[in-house]
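S.K.: Sequence:
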Amino acid sequence: MSAKRPRVFSGIQPTGGIHIGNYLGAIRNWVQQQEQYDNIFSIVDLHAMTLPYNPADLRARIRELASVLLAAGINPERSILFVQSTVREHTELTWILGTLATFGELRRMTQFKEKAGKGTERVGVGLFTYPVLQAADIVLYDADLVPVGEDQKQHIELARDLAIRFNSTFGETFVVPEPDIKKAGARIMSLTEPSSKMSKSNPNPASRIELADRPEEIRKKIMRAVTDSGAEVRYDQADKPAISNLLTIYSLFTGLSIPEIEQRYEGKGYGAFKRDLAEVTIEGLAPIQARLAELNERPDLVIDTLEQGAQRAREIAAKKMERVREVTGIGLPRL
Numbered sequence: 048m049s050a051k052r053p054r055v056f057s058g059i060q061p062t063g064g065i066h067i068g069n070y071l072g073a074i075r076n077w078v079q080q081q082e083q084y085d086n087i088f089s090i091v092d093l094h095a096m097t098l099p100y101n102p103a104d105l106r107a108r109i110r111e112l113a114s115v116l117l118a119a120g121i122n123p124e125r126s127i128l129f130v131q132s133t134v135r136e137h138t139e140l141t142w143i144l145g146t147l148a149t150f151g152e153l154r155r156m157t158q159f160k161e162k163a164g165k166g167t168e169r170v171g172v173g174l175f176t177y178p179v180l181q182a183a184d185i186v187l188y189d190a191d192l193v194p195v196g197e198d199q200k201q202h203i204e205l206a207r208d209l210a211i212r213f214n215s216t217f218g219e220t221f222v223v224p225e226p227d228i229k230k231a232g233a234r235i236m237s238l239t240e241p242s243s244k245m246s247k248s249n250p251n252p253a254s255r256i257e258l259a260d261r262p263e264e265i266r267k268k269i270m271r272a273v274t275d276s277g278a279e280v281r282y283d284q285a286d287k288p289a290i291s292n293l294l295t296i297y298s299l300f301t302g303l304s305i306p307e308i309e310q311r312y313e314g315k316g317y318g319a320f321k322r323d324l325a326e327v328t329i330e331g332l333a334p335i336q337a338r339l340a341e342l343n344e345r346p347d348l349v350i351d352t353l354e355q356g357a358q359r360a361r362e363i364a365a366k367k368m369e370r371v372r373e374v375t376g377i378g379l380p381r382l
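Position 299 of the sequence shown, counted from 1, bears residue number 346 in the numbering used here, the numbering being contiguous throughout.
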């Protein structure tokens, strides 16, 4: 009998404009691990509600993100792909875990402090309790591993703490998840501000390459990408962060090591390197863009896939919540 495959939960917000940082840092890893793990992929639309948004835009972005994930290689026959809000057990478990979380540990969450700034009195409660919902997303499915960047590690530590706290209070119920931090590509940086992570929320579209960008847009963005002083194509995050970021992108698209790329462009300067990087990026995204064009012609196929995924996710979540209600004493009393 074969050993049970580890279960992995991965969530991504439908905030629009999926870029190569999302793809190289997360989505491509998800695609590659489908043979190795029991994967659950969730479009976490409830998380997207923690900041002001337009409902029609959110609905469109959910479908757009689902199409991108499928085009990138997420296979619904091997993995579960669903929209978070279509499985109501997420919100029920969030409340229950919230009764075990403390104000102090949520207040210490770095991402909350960054987004709230100094005006905490006007910040929505949803942004404050965001990590509890994230913990519920994970432990609801008994995830063994959660792929995250360094910036999300603190949230996974909270999920671990809440799972352990629940188990010690009510009895063994949840698997305690482990963070799976990918070093290569975990942080693709902005093309215009290499000290900042490439982000969908950056108001400057030149800061990122989106998966749907046309070849001429990709060439323009890469040729205009910020570079460091000097002309040597050399990896040095401390002194040459901009070119180091471009080298990382080149390496991830081609599979070449950084030293191999440095040797290839020795004495050639930034211009030649950036021209080739643009073509490498265009070539790397071409299969995804072709599949995306097909899916955009078949929105019914995307919706059907999400509905089937939600049904499979509900089966797992409902069973887990039966256990949670039993051990916590909530719900109808038994005769």
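Hints in this document: simulated from the structure, not taken from any laboratory. One should not assume that every hint holds.
Claimed, not checked - Think about it this way: if two alpha-carbon atoms lie no more than 27 Å apart in a straight line, the pair counts; the simulated DSS-like pairs of lysine-lysine are:
1. K247 with K366
2. K268 with K315
3. K268 with K287
4. K367 with K244
5. K200 with K268
6. K287 with K51
7. K367 with K200
8. K244 with K267
9. K287 with K267
10. K244 with K268
11. K268 with K51
12. K321 with K268
13. K366 with K321
14. K321 with K367
15. K315 with K366
16. K367 with K315
17. K267 with K315
18. K200 with K244
19. K247 with K268
20. K267 with K247
21. K51 with K315
22. K267 with K321
Quantities reported herein were computed from a predicted structural model and do not represent experimental measurements.
S.K.: Does each hint fit the structure? Answer for all of them.
M.R.: Results for each hint:
1. Taking the CA atoms of K247 and K366, the gap is near 36 Å; set against the 27 Å cutoff, the hint is violated.
2. Between K268 and K315, the direct Cα distance comes to roughly 20 Å. Compliance with the 27 Å bound is thereby established for this hinted pair.
3. Proposed proximity of K268 and K287 is supported: the alpha carbons are some 19 Å apart, at most 27 Å.
4. Straight-line distance between C-alpha atoms of K367 and K244 comes to about 36 Å, which puts the hinted pair past the 27 Å bound.
5. Proximity of K200 to K268 is assessed by CA-CA distance (about 31 Å); at most 27 Å being required, the pair is judged violated.
6. Our distance criterion of 27 Å between C-alpha atoms is broken by K287 and K51, whose separation comes to about 45 Å.
7. Distance check on the hinted pair: K367 and K200 sit about 25 Å apart at the alpha-carbon level, within 27 Å; holds.
8. In summary, the hint linking K244 to K267 is supported, as the alpha carbons are separated by about 20 Å, within the 27 Å threshold.
9. Restraint check: the Cα-Cα separation between K287 and K267 comes to about 21 Å, which is no more than 27 Å; the hinted pair holds.
10. Between K244 and K268 the alpha-carbon distance is near 16 Å, which keeps this suggested pair within the 27 Å criterion.
11. Taken as a hint, the K268 and K51 pair is broken in the structure, with Cα atoms around 45 Å apart against an allowance of 27 Å.
12. Between K321 and K268, the direct Cα distance comes to roughly 10 Å. Compliance with the 27 Å bound is thereby established for this hinted pair.
13. Only pairs whose Cα atoms come within 27 Å are accepted, and K366 paired with K321 is rejected, the gap being roughly 52 Å.
14. A hinted pair counts as satisfied when its Cα atoms are at most 27 Å apart, and K321 with K367 does not qualify at roughly 51 Å.
15. Note on K315 and K366: the hinted pairing is violated, with a Cα-Cα distance of about 60 Å set against a maximum of 27 Å.
16. For the suggested pair K367 and K315, the alpha carbons sit about 58 Å apart, so the restraint of at most 27 Å is broken.
17. Among the hinted pairs, K267 with K315 is consistent with the structure: their alpha-carbon atoms are about 20 Å apart, no more than 27 Å.
18. At most 27 Å may separate the alpha-carbon atoms for a hinted pair to count; K200 and K244 meet this at roughly 16 Å.
19. Under the criterion of a C-alpha separation no larger than 27 Å, the hint pairing K247 with K268 is consistent with the structure, at around 15 Å.
20. Simply put, K267 and K247 have alpha-carbon atoms about 18 Å apart, close enough for the 27 Å limit, and the pair holds.
21. Restraint check for K51 and K315: the C-alpha separation of about 51 Å exceeds 27 Å, so the hint is violated.
22. For the given pair, K267 sits about 10 Å from K321 by alpha-carbon distance, which is consistent with the 27 Å threshold.
Violated hints for the displayed structure, listed by number in ascending order: 1, 4, 5, 6, 11, 13, 14, 15, 16 and 21.
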